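Trainee: Please build the complete structure, drawing on both the sequences and the hints.
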Amino acid sequence: QKIFCQILSGIIVLPFTYIPENILPIWLRQVIAPALANFSMAKVGVIHPPAGGAAMLLASGKFGFEFYGLMVAASVLSIIPCTMINNLSDKRQYPTYWGYLVQDYLKNKSLKV
Numbered sequence: 004q005k006i007f008c009q010i011l012s013g014i015i016v017l018p019f020t021y022i023p024e025n026i027l028p029i030w031l032r033q034v035i036a037p038a039l040a041n042f043s044m045a046k047v048g049v050i051h052p053p054a055g056g057a058a059m060l061l062a063s064g065k066f067g068f069e070f071y072g073l074m075v076a077a078s079v080l081s082i083i084p085c086t087m088i089n090n091l092s093d094k095r096q097y098p099t100y101w102g103y104l105v106q107d108y109l110k111n112k113s114l115k116v
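In the numbering used here, the protein residues as written are 4 to 116.
In short, the hints are calculated from the structure, not lab data. For clarity, every value in this text was computed on a predicted model and none was experimentally measured. It cannot be assumed that every hint is accurate.
Stated by the list, open to error - No farther apart than 30 Å at their CA atoms in a straight line, the calculated lysine-lysine pairs in the DSSO-like style are these:
#	residue 1	residue 2
1	K94	K5
2	K5	K46
3	K46	K65
4	K65	K5
Mentor: Encoded structure:
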């Protein structure tokens with residue numbers, strides 16, 4: 004959800020950064036672009052509020068594709084240790100469907116999806 008929303012908001016907002024200021028002022032760009040990003044996240048059914056904040060930063064025009072790439076990479080890198088820590092306990096399994104598929108495969112030696 005986190006990675007998908009970051010990618011979705013970036014795809015929607017980054018084209019706004021290349022509109023000249025005399026056509027679309029920055030203050031209006033910072034209103035319209037995050038609103039469209041939040042609307043699209045809500046329409047898809049996954050909402051990640053920090054992606055809306057990232058949309059606001061990207062709409063300012065001070066950041067480009069490099070910053071966007073770093074943002075998505077940071078999202079991916081933050082999920083990896085969280086997943087590992089959550090899976091240290093036998094009582095917790097994240098994501099749950101991966102654990103059940105592996106357990107089912109080990110028990111039956113066949114993967115049923």
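Trainee: Now look at each hint and say whether the structure bears it out.
Mentor: Status of the hints after comparison with the structure:
With a C-alpha separation of about 24 Å, the suggested pair K94 and K5 falls inside the 30 Å cut-off, and the hint holds. Restraint check for K5 and K46: the C-alpha separation of about 16 Å stays at or below 30 Å, so the hint holds. A threshold of 30 Å between alpha carbons decides the hint, and for K46 with K65 the separation of about 28 Å falls inside it, so the pair holds. Pair hint K65 plus K5 holds up; C-alpha atoms about 23 Å apart against a cutoff of 30 Å.
Hint check: no violations occur; every hint is consistent with the structure.
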